[in-house]
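Please arrange chain W on chain V, whose structure you already have, making use of the hints.
These are the residues of each chain, in order.
2 protein chains.
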Amino acid sequence: MSENKIITPRKLSGFMELLPEKQVIFDYYMDRIKKVFLDNSFLPLDTPILEYSEILLAKSGGEVDKEVYRMQKGENDICMRYDLTVPLARFISMEKDKLTFPFKRFQIGKVFRGEKPQKGRFRELYQCDADIVGQDNLPLPADAECIRLIFEVFKAIEIEDILVQISNRNILFGLCEALGYQDKTSQILIILDKIHKIGKENTLATLVDLGVKEKDAQKLIDITTLSGKFDKALEKIEDICSNQIYQQGISELKELNTYLKAYNLDENKYQLDLSIIRGHNYYTGTVFETIMPSHSEFGAICAGGRYDNLTSYFSTSQMQGVGISVGLTRLFDLLDKNDLLTKNVKNNLKVEIIPLGNTISECLKMEAYLKENGIVCQTNYTSSSFKSKMKQANKIGVPYVIIIGEEEVEKQTFAFKDMVTGNQQMLSKAQICEQLAKI
Amino acid sequence: MSENKIITPRKLSGFMELLPEKQVIFDYYMDRIKKVFLDNSFLPLDTPILEYSEILLAKSGGEVDKEVYRMQKGENDICMRYDLTVPLARFISMEKDKLTFPFKRFQIGKVFRGEKPQKGRFRELYQCDADIVGQDNLPLPADAECIRLIFEVFKAIEIEDILVQISNRNILFGLCEALGYQDKTSQILIILDKIHKIGKENTLATLVDLGVKEKDAQKLIDITTLSGKFDKALEKIEDICSNQIYQQGISELKELNTYLKAYNLDENKYQLDLSIIRGHNYYTGTVFETIMPSHSEFGAICAGGRYDNLTSYFSTSQMQGVGISVGLTRLFDLLDKNDLLTKNVKNNLKVEIIPLGNTISECLKMEAYLKENGIVCQTNYTSSSFKSKMKQANKIGVPYVIIIGEEEVEKQTFAFKDMVTGNQQMLSKAQICEQLAKI
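Protein sequence lines correspond, in order, to chains V and W. Heads up, the first sequence is in the working numbering, so the first residue is 247 and it goes up one at a time. Heads up, the second sequence is in the working numbering, so the first residue is 247 and it goes up one at a time.
These aren't lab readings, by the way, just hints derived from the structure by calculation. One thing to keep in mind: the hints can contain errors.
Note that identical chains are pooled: a pair holds if it fits in a single copy or bridges any two copies.
Restricting the straight-line Cα-Cα distance to at most 25 Å, the calculated cross-link-like pairs of lysine-lysine (DSS-like) are [to be verified]:
1. 257 / 657
2. 280 / 592
3. 257 / 312
4. 257 / 342
5. 401 / 281
6. 637 / 344
7. 443 / 430
8. 281 / 684
9. 280 / 268
10. 281 / 589
Isolated chain V, as found in the complex (with noise of 0.2 Å):
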């Protein structure tokens, strides 16, 4: 068995793995998100990580073909999903008599996008994904839970410094339309979407050599960067354009805005942002994006919005939904490379146990017992020296120690030492556990 050849460890780039005490702190934040999904009632779901190719891809053109991690197995072209979207169309296709509509769900898992690996950017990463899907119709006020969502969701991971952008993009689809450019709006709206990143110099330019004249070029860029609150930015749009779909745009963010304040949400943390476009073409309404204006350089931590064909690739039925999703990987670490990760996380580990002799099943004894009575604790029961085993306590920040001697096992009282102040009294078991569970 030891004549193998050791081979180097190593990991794939692009792959997160932490520590232990940075992945206690993950887990807090995992937790946190997926209770309030659920006290929102929003129900679990948990499809597989791999799906037939043909499912995955069907609607993803050719952009998502090159990223996604696919294989042949047996007679199955197969893939590992890129997102949790494409496969919750799929369950509720194949499910629907089975659900209960509007369908509340969400989904906390891994994705894979085999993209080249760039700062930041990974290839296996965690999406925490909460979508709200209807039979058919489904009416604003889902727009408008959604967002409520994402507040609930920052305030649960103690990221109280947000701004939710939002927009519809009926706004744009309806002004490519009346300036005369509806077969060019998907292109349009890909220039405009990267405004913020190119400027508005080379975002005119662009427009310019796709063949939109410049003056309808401007009025485009005029109206995407524009935001601002609400009530104001609402009353300066609203009559650009009397284009059908342009009003539609209008009515419902007017409708959205309602029943935001009767939310009651803090309307200095979101705001009207017409250069939030999503460039996924699945959206069709509203659209939305979360930033830390504090660290605007994360760009978006939280994404979504509305589509009204969720499942037009695997049915004829057209259900309308709304969702959320929050990339929780790279999240993590941007708050971890700017040290803003929640300092909340404690070590639940309160007790070591540390045998003096030959007391290791007295040792265990106590460490039952102090279980049973809902203590975390754990017996040092390595073959180090009693120093080295007081040492590794301190290094572990374990704030209470019980050495148990030869001599304590016949009186049955027990060294007990706070390690913060190095106090120690003698006591029996009840008392160190009456001790214990005062704090």
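What follows is chain W alone, placed relative to chain V:
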């Protein structure tokens, strides 16, 4: 967008996908197991699902290769993990300087096995693993700690009917050596491992075919089929063989027995059972399996043991470890099919808020108010009729409904209906909150 051809939605076979009502129960089990691991001061780890094939297949031998999901991505030959043990070995080998030993880690995650789908077999399955790894020598109390952990895990998920069957591989290693078959030990163990499946007679014949003398084969079978309470069973076998390895096995079992007693575990729920061998080559000492005696047809619902060469493929250091593994997907499936799932999971949705007339905004205000007070509720904002909204509330089993009509908005008192008794009161927001807090 709607000119797509429709693709029939389908899921790969051998992949569990639960409806939300069942997923809630699955998550309950997973959360409870996680809590047990944390309360016993195991630290979380979350290694990537993808690894270099060279790493994952380092120790596997031929059999795993066929089952593994493997692909070429760019320049990399990669695999999806098929267990959580090899990734642990890789992780510890890479990060050992940053860890405190004994390193107690748990990992709950999906593993992938592309074997032929059979009844009760899954290709994607959750494993819940907890391991204790020493920097070098790891004393035997660690084995007892793992066995105690098994008790805690199953208590937490309300499976009280368990039997932990414990053995030590040195017993059969030593006996094989003493009988002169040291070069056939692995093959003999593989045969003996199947004794309950194929029966004593077939085992005898197979051993004789291998070249074991009938008398010796009988001796091996006699000891393998021995089981019972520790004290008695140990008495029966301690003098059978004076071989040094055999006697080491005896002495380890005796020491383990002392610790299990110190832990005060229910002696009706564990026993010595020498038919427990475990297929994996890497087990070196203590091995154990857990069954449900009233459903022995489930087979092992938890297994584990001690390995003394965890990192031997990735490093020259010899690290000893001991661990347990619960195959949660398979266990859940068995419990489900036998109607044994916990009934302890309650719907956390307490209140459905239903508009009567044009009162959506008022409903959302109520929703925000109740949620601020920690009450799980939702508004039914769909365009369905009032009657079908009430029907749906009934269907999803929500215990209370608040009906908000236009008149009620003016008076600021609302109809609060108990869906079980049918009792309905007119209450203010604060009164509703008070009532719900009481429940």
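Verification of the supplied hints:
Taking the shortest alpha-carbon separations for residue 257 and residue 657, neither the intra-copy value of 53 Å nor the inter-copy value of 65 Å comes in at or below 25 Å. Taking the shortest Cα distances, residue 280 and residue 592 sit within 25 Å of each other both inside one copy (19 Å) and across copies (16 Å). For the identical chains of this complex, residue 257 and residue 312 are neighbours both inside a copy (22 Å) and across copies (22 Å), given an alpha-carbon limit of 25 Å. For the identical chains of this complex, residue 257 and residue 342 are inter-copy neighbours only, at 15 Å across copies versus 40 Å inside a copy, given an alpha-carbon limit of 25 Å.
With identical chains, the CA atoms of residue 401 and residue 281 are at most 25 Å apart both within one copy (12 Å) and between copies (24 Å). Taking the shortest Cα distances, residue 637 and residue 344 sit within 25 Å of each other only across copies (16 Å), while inside one copy they are farther apart (58 Å). Only within a single protomer do residue 443 and residue 430 lie at most 25 Å apart by alpha-carbon distance; the minimum there is 21 Å, versus 69 Å between protomers. In this assembly of identical chains, residue 281 and residue 684 lie within 25 Å of each other by CA distance solely across copies; the values are 22 Å between and 28 Å within a copy.
Both within a single protomer and between protomers do residue 280 and residue 268 lie at most 25 Å apart by alpha-carbon distance, with minima of 18 Å and 17 Å respectively. In the homo-oligomer, the alpha carbons of residue 281 and residue 589 lie at most 25 Å apart both inside one protomer (19 Å) and across protomers (20 Å), since each shortest distance falls under that limit.
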